[in-house]
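2 protein chains.
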Amino acid sequence: MNILFKNVRVITMDDEMPYLENAYVVVSDKKISYVGTTMPEGEFSRIIDASGKVMMPGFVNTHTHIPMTLFRGLSDDCELSDWLFNHIFPAEDKLTGEKVLAGTKLALAEMIASGTTSFSDSYFFTDEIAEATVQSGICANLSRSIVGNGEDFENMPSVSEMKRLLEYVKENGDGRVIADISIHAEYTTESLCRIKTAEYAKKNNLILQIHTSETEAEHKNCIEKYGKTPVELFASEGLLEGTHPLLAHCCYITENDMEILKSYDGHIAHCPMSNLKLASGVAPVPEMMRRGVNVTLGTDGVASNNNTDMFEEMKLFAVLHKGIEKKATVTDAYVALKIATANGNLAQGRKNCGKIAEGYFANLILVDFERPHLVPCHNVISNIVYAAKGSDVVMTMVHGRVLYENNEFKTIDIEKAMYNVKGIK
Amino acid sequence: MNILFKNVRVITMDDEMPYLENAYVVVSDKKISYVGTTMPEGEFSRIIDASGKVMMPGFVNTHTHIPMTLFRGLSDDCELSDWLFNHIFPAEDKLTGEKVLAGTKLALAEMIASGTTSFSDSYFFTDEIAEATVQSGICANLSRSIVGNGEDFENMPSVSEMKRLLEYVKENGDGRVIADISIHAEYTTESLCRIKTAEYAKKNNLILQIHTSETEAEHKNCIEKYGKTPVELFASEGLLEGTHPLLAHCCYITENDMEILKSYDGHIAHCPMSNLKLASGVAPVPEMMRRGVNVTLGTDGVASNNNTDMFEEMKLFAVLHKGIEKKATVTDAYVALKIATANGNLAQGRKNCGKIAEGYFANLILVDFERPHLVPCHNVISNIVYAAKGSDVVMTMVHGRVLYENNEFKTIDIEKAMYNVKGIK
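Protein chains in written order, with the working numbering: chain A, 5 to 429; chain B, 5 to 429.
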């Protein structure tokens, strides 16, 4: 299969040549085989005239709990502990595989329609999550969230589930859906559990996701309990060495924590919307970036966002830190776009992803610029970051396969997906 | 003309009865003549089955400079003074009436399509702004921004323009487009100019808009120059008495300023996105609300936003102050919705606006809830505030007239509007 896009404006995310006008892009099977401004030779199974549209790498959402789509709007505007203990945990107690499957399908549809081509998830019921994710055609790093004391680790049901996930994606994931490992958080695990989980990650060369320093209370309690920040604790327990750690939130990490993370090539999943909405605070992201830590972007679960629109998240990232640091040059549109795309691919360990360039995986989206809020277009990247929204996406392609085009889903029965979720009591 | 909406979910914004399922709403000429859950009697010129849709009052955007749509993405990510003096002011120097007319038409289309039914504007070239606004069918409080020293006030070209605007809307505005008065800011005017402008507002019983304490530097410089905060200065100059003041930004106002504003029944146009993007900071809005000052919401000009989507602004308002105050209960979805709708109507001096209730003007929108990111719907107001976006609006009605329906503009030639703006050099 050879698809030719013509007359397309391309944000390549290649620093050497970030933007092309009137370009041609060819997708051959899973990858991009040509990008340029002269018409390529060859026969094409499909020619797409992308006049008026902008092509860019798809978004990478590095922190999600996708079945939580079921809890959209279930509880808002209350304190975190009230939210968690009186609303979310009781709702999670009633989850079944069937419900999770329904929620996952709808979440996948929402992400695909708004331009996300890859995500990193941690949750439970990963049998169902993996099944739906593989079927959908999207890229994902899935993980089973581990909690507990770690005694009799091998016989913990969550560990069995984690192992099934690994087997399943090895068999069915085609390198597109892969497995990560997830320690839920410091405050929901004992040291033994964390160490055993990390050992498992190392042995299988998998990325380790951990919720880290999300709230001030969590951060302070950890210091009180261990005399160490969560990041210091994780480092001292050997969790960060060789596990390609992806730490979510990090609202309260210190400069020393940042240096530790950098020394282990760690990545941060920054979730500004969720951190604001749950009143957790604002992560010191400009300082992380100044110190060279790889910052990526996540929406978190829909229960605390309440959608998965990466355009919203990216714009919030781009403006928030300017306002907090009272310095407009602290970030810019290009950095925001990179954080929302290529940086995420890096954290997912995905090579040849995150650019519109020859040899890269065709994980890309088309954004319709013939809309009132995207005119005029003095600067394409500015319009993408500061003016566009998820609904401007008119095509989402993953590994060369069109998953969504002009409001039509190619791999998900959207009417059924919405109907099934509505029917859940 | 009698339009019946049936099977509609209604967010009434009536505190007594904020939400109705399976309701009927009748619009007779400019106003709502029936809201209830039993089928009304009568003959209808049109019956709209609004199954799957949510009706709510349209948004009121209380701080705009709508022709600045022409500068979308012209300059971002630089310091305010660089932005203003090296990019925006030079671009404004090249404006003509023709360009402003084109920019205004496109801005109106963008606002109408994303659910705004009324806005408060201050700019120049108000002849053209008024003409396009009257034609579009939207509600607006338009004003000519006044700057200068105020000597020979009556012969200032801006004052002549202001007077022409008053005459024009009196003749053509039908109570839908009305005139406000605008003092640009403390730092761009001399005392004499401010006093004369305010006198004009009082004499004509018009609302006075002023940019106030937007940046820390502006606020501090004023204290240095006058020994007073901008709000204290305005009060001492008699600008706030009898002028129904609508002060934009107010990022640095003090608790005393808030008390002063409250004593004059003043209103605040909070512009969180613009304040973050221009690195101005975060206005102390929860404190304003605790003190009973009427807070409203504005996008500011598109040059510093970079769109006019009030859903974005409302969500940002709803989450931002939770994160800043580290308290999730500091605002809630219902308050956010009120600030974005009814509170704005109040600041605009518009009676019988901002509710879906009998006798109220039919300024309303329909939002399509049959979309992946709005399912499930545990709470309609939560989904509107935290999950929806401007593109979910499928109908915008102002004073009983449908201005936009299912991607079609009834009063604006959208292709021409986009084409004209693209052609501006």
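Wrong hints could be hidden among the right ones.
Copies of the same chain are indistinguishable here, so a pair counts whether it falls within one copy or spans any two.
Claimed, not checked - Under the rule of at most 25 angstroms between Cα atoms (straight-line distance), these lysine-lysine pairs were calculated in the DSS-like manner: (1) Lys-224 with Lys-429; (2) Lys-98 with Lys-266; (3) Lys-200 with Lys-229; (4) Lys-426 with Lys-10; (5) Lys-426 with Lys-414; (6) Lys-331 with Lys-224; (7) Lys-330 with Lys-420; (8) Lys-331 with Lys-103; (9) Lys-232 with Lys-330; (10) Lys-103 with Lys-232; (11) Lys-420 with Lys-167; (12) Lys-330 with Lys-229; (13) Lys-167 with Lys-206; (14) Lys-98 with Lys-34; (15) Lys-98 with Lys-429; (16) Lys-331 with Lys-98; (17) Lys-420 with Lys-98; (18) Lys-174 with Lys-207; (19) Lys-355 with Lys-232; (20) Lys-330 with Lys-98; (21) Lys-103 with Lys-207.
Simulated from the structure, these hints should not be mistaken for laboratory data.
Okay, the hints, checked on the actual structure:
For the homomeric pair Lys-224 and Lys-429, neither the shortest alpha-carbon distance inside one copy (38 angstroms) nor that between copies (56 angstroms) is at most 25 angstroms. In the homo-oligomer, the alpha carbons of Lys-98 and Lys-266 never lie at most 25 angstroms apart, since the shortest distance is 40 angstroms inside one protomer and 49 angstroms across protomers. Taking the shortest alpha-carbon separations for Lys-200 and Lys-229, only the intra-copy value of 20 angstroms comes in at or below 25 angstroms, while the best inter-copy value is 65 angstroms. Taking identical chains as interchangeable, the C-alpha atoms of Lys-426 and Lys-10 lie at most 25 angstroms apart only when they sit on different chains, with a minimum of 21 angstroms there against 40 angstroms within one chain.
Taking CA atoms no more than 25 angstroms apart as the test, Lys-426 paired with Lys-414 passes inside one copy only; the shortest distance there is 21 angstroms, against 34 angstroms between copies. When the C-alpha separation of Lys-331 and Lys-224 is checked against a cutoff of 25 angstroms, the pair qualifies only between copies, where the shortest distance is 17 angstroms, while the shortest distance within a copy is 29 angstroms. Within a single copy, Lys-330 and Lys-420 get their C-alpha atoms no closer than 47 angstroms, and across copies no closer than 40 angstroms, so neither meets the 25 angstroms cut-off. In the homo-oligomer, the alpha carbons of Lys-331 and Lys-103 never lie at most 25 angstroms apart, since the shortest distance is 45 angstroms inside one protomer and 32 angstroms across protomers.
In the homo-oligomer, the alpha carbons of Lys-232 and Lys-330 lie at most 25 angstroms apart only across protomers (23 angstroms), although the nearest pairing inside one protomer, at 31 angstroms, exceeds that limit. For a Cα distance limit of 25 angstroms, the shortest separation of Lys-103 from Lys-232 qualifies neither inside one copy, at 39 angstroms, nor across copies, at 61 angstroms. In this assembly of identical chains, the alpha carbons of Lys-420 and Lys-167 never lie at most 25 angstroms apart, being 31 angstroms within a copy and 59 angstroms across copies at closest. Taking CA atoms no more than 25 angstroms apart as the test, Lys-330 paired with Lys-229 passes between copies only; the shortest distance there is 23 angstroms, against 35 angstroms inside one copy.
Within a single copy, Lys-167 and Lys-206 get their C-alpha atoms as close as 14 angstroms, which meets the 25 angstroms cut-off; across copies the closest is 75 angstroms, which misses it. Neither within a single protomer nor between protomers do Lys-98 and Lys-34 lie at most 25 angstroms apart by alpha-carbon distance, with minima of 39 angstroms and 48 angstroms respectively. In this assembly of identical chains, Lys-98 and Lys-429 lie within 25 angstroms of each other by CA distance solely inside one copy; the values are 10 angstroms within and 60 angstroms between copies. Taking the shortest Cα distances, Lys-331 and Lys-98 never come within 25 angstroms of each other, neither inside one copy (46 angstroms) nor across copies (28 angstroms).
Taking CA atoms no more than 25 angstroms apart as the test, Lys-420 paired with Lys-98 passes inside one copy only; the shortest distance there is 22 angstroms, against 54 angstroms between copies. In the homo-oligomer, the alpha carbons of Lys-174 and Lys-207 lie at most 25 angstroms apart inside one protomer (15 angstroms), although the nearest pairing across protomers, at 78 angstroms, exceeds that limit. In this assembly of identical chains, the alpha carbons of Lys-355 and Lys-232 never lie at most 25 angstroms apart, being 34 angstroms within a copy and 59 angstroms across copies at closest. For the identical chains of this complex, Lys-330 and Lys-98 are neighbours neither inside a copy (45 angstroms) nor across copies (30 angstroms), given an alpha-carbon limit of 25 angstroms.
Neither within a single protomer nor between protomers do Lys-103 and Lys-207 lie at most 25 angstroms apart by alpha-carbon distance, with minima of 33 angstroms and 65 angstroms respectively.
Of the numbered hints given earlier, the model fails hints 1, 2, 7, 8, 10, 11, 14, 16, 19, 20 and 21; all others are met.
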